[in-house]
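Make the full structure from the sequences, and use the hints.
Protein chains: 2
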Amino acid sequence: MKLEKNQLLNLLSFFRIVCNLKTIKRSGWIHKSKITSPESVADHSYSMCMMSMILAEIINLDSGHIMKMVLIHDLAESLVGDHMPDDISSEKKQLVEDKAMKKIISKLPNSLRKNYLNIWNEYNDNITVNAKFVHNMDKLEMVLQAKEYEFEGYPKELLQPFIKSATDYISNERFDLVFKIMQAINDDSKRI
Amino acid sequence: MKLEKNQLLNLLSFFRIVCNLKTIKRSGWIHKSKITSPESVADHSYSMCMMSMILAEIINLDSGHIMKMVLIHDLAESLVGDHMPDDISSEKKQLVEDKAMKKIISKLPNSLRKNYLNIWNEYNDNITVNAKFVHNMDKLEMVLQAKEYEFEGYPKELLQPFIKSATDYISNERFDLVFKIMQAINDDSKRI
Numbered sequence: 001m002k003l004e005k006n007q008l009l010n011l012l013s014f015f016r017i018v019c020n021l022k023t024i025k026r027s028g029w030i031h032k033s034k035i036t037s038p039e040s041v042a043d044h045s046y047s048m049c050m051m052s053m054i055l056a057e058i059i060n061l062d063s064g065h066i067m068k069m070v071l072i073h074d075l076a077e078s079l080v081g082d083h084m085p086d087d088i089s090s091e092k093k094q095l096v097e098d099k100a101m102k103k104i105i106s107k108l109p110n111s112l113r114k115n116y117l118n119i120w121n122e123y124n125d126n127i128t129v130n131a132k133f134v135h136n137m138d139k140l141e142m143v144l145q146a147k148e149y150e151f152e153g154y155p156k157e158l159l160q161p162f163i164k165s166a167t168d169y170i171s172n173e174r175f176d177l178v179f180k181i182m183q184a185i186n187d188d189s190k191r192i
Numbered sequence: 001m002k003l004e005k006n007q008l009l010n011l012l013s014f015f016r017i018v019c020n021l022k023t024i025k026r027s028g029w030i031h032k033s034k035i036t037s038p039e040s041v042a043d044h045s046y047s048m049c050m051m052s053m054i055l056a057e058i059i060n061l062d063s064g065h066i067m068k069m070v071l072i073h074d075l076a077e078s079l080v081g082d083h084m085p086d087d088i089s090s091e092k093k094q095l096v097e098d099k100a101m102k103k104i105i106s107k108l109p110n111s112l113r114k115n116y117l118n119i120w121n122e123y124n125d126n127i128t129v130n131a132k133f134v135h136n137m138d139k140l141e142m143v144l145q146a147k148e149y150e151f152e153g154y155p156k157e158l159l160q161p162f163i164k165s166a167t168d169y170i171s172n173e174r175f176d177l178v179f180k181i182m183q184a185i186n187d188d189s190k191r192i
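Protein sequences appear in the order of chains A and B.
Everything in the first sequence is counted per the numbering used here, starting at 1 for the first residue and increasing by one.
Everything in the second sequence is counted per the numbering used here, starting at 1 for the first residue and increasing by one.
Keep in mind that the hints were calculated from the coordinates and are not lab data.
The structure presented is a predicted model; accordingly, all values stated were derived computationally and were not measured.
Keep in mind that the hints are not guaranteed to be accurate.
Where chains are identical, the list cannot tell them apart; a pair therefore holds if satisfied intra-copy or between any two copies.
PhoX-like, lysine-lysine: derived pairs with alpha carbons at most 20 Å apart [to be verified]:
hint, residue 1, residue 2
1, K132, K164
2, K180, K107
3, K180, K5
4, K180, K2
5, K93, K32
Okay, structure coming up:
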């Protein structure tokens with residue numbers, strides 16, 4: 001595929017939006033756990049992508065498709081920020097992020113747009129096994145990071161709500177391996 | 001595949017090493033560009049993975065394989081840090097990182113190890129088209145970030161060496177689209 005000048009500039013604009021995700025801090029840690037300089041959304045997405053790649057292979061899911069879903073799942077936050085549930089209703093958040101994501105995807109070459117829009121919609125509809133797996137991995141990665149912050153000395157009681165909500169979420173789902181790893185994280189009391 | 005207790009704990013140890021990459025700062029920006037709190041290696045890997053996914057699809061390379069290579073390409077730095085060429089010779093760096101990477105990969109379930117070891121070796125040998133593409137993407141992502149730091153107001157003269165070395169590298173390679181995007185980054189003078 002040969003790209004015209006304006007397609008190239010649009011693609012560059014897409015990459016800048018991706019790059020900007022490094023500067024968006026995961027706001028839950030700031031507002032609820034008093035961590036002043038927490039991980040970025042890009043940090044979280046990296047770790048979640050690697051974990052998803054490995055676990056998807058172990059349980060025979062489509063790791064390539066899942067990695068793509070993980071990479072884009074929080075990309076809208078590059079334009080709209082990482083809102084807390086207290087700032088904004090989940091319906092409003094969904095609308096704002098959907099609008100941002102459509103704008104972001106429109107910067108890709110025409111032939112790629114439909115696939116990424118489908119992956120984004122699949123993630124949000126949360127009906128397919130792949131989408132459910134990615135939502136579970138989002139929670140699992142959060143538990144892992146919460147535990148790391150606990151090891152670093154941040155107050156346990158300010159991290160517990162994150163661990164509790166993720167534990168409840170993962171416990172209600174069907175991914176046995178994800179559940180077992182979450183248990184191992186919760187049971188483990190020493191660092192690497 | 002069913003994992004035994006010790007395999008589960010090894011996998012958790014692998015995930016912690018991945019998670020720790022969020023805390024490793026890209027040292028080049030600190031030492032050469034006086035940026036006190038730069039992106040993490042995880043940030044860089046996230047952005048590079050997304051860019052690689054999109055460009056690999058446009059030029060019909062195997063995006064799944066390439067994404068895996070990108071995710072692991074700097075993972076050894078979680079254990080050994082991001083050394084500058086002045087700290088350590090490139091041969092020594094290669095040895096240290098190879099040893100660390102073998103340790104990291106040994107934490108994966110047996111059935112996955114060989115594949116990731118092959119991908120790691122393929123990246124280092126830098127002979128295949130996929131490996132060459134990933135090395136190019138490493139440079140392209142660095143140029144994009146350098147330009148972002150320039151827009152943020154960091155001194156141009158301290159960022160120029162990164163842009164120059166990456167430009168030289170990419171100019172000598174065969175990926176026309178990567179070269180064109182690098183040109184677009186260098187020519188562009190306004191932010192998103």
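Right, here's what the structure says about each hint:
1. K132 x K164: within (19 Å within a copy, 44 Å between copies)
2. K180 x K107: Between copies only: 17 Å across, 40 Å inside.
3. K180 x K5: Between copies only: 10 Å across, 50 Å inside.
4. K180 x K2: Cα proximity of K180 and K2: across copies only (11 Å, versus 47 Å in one copy).
5. K93 x K32: within (19 Å within a copy, 40 Å between copies)
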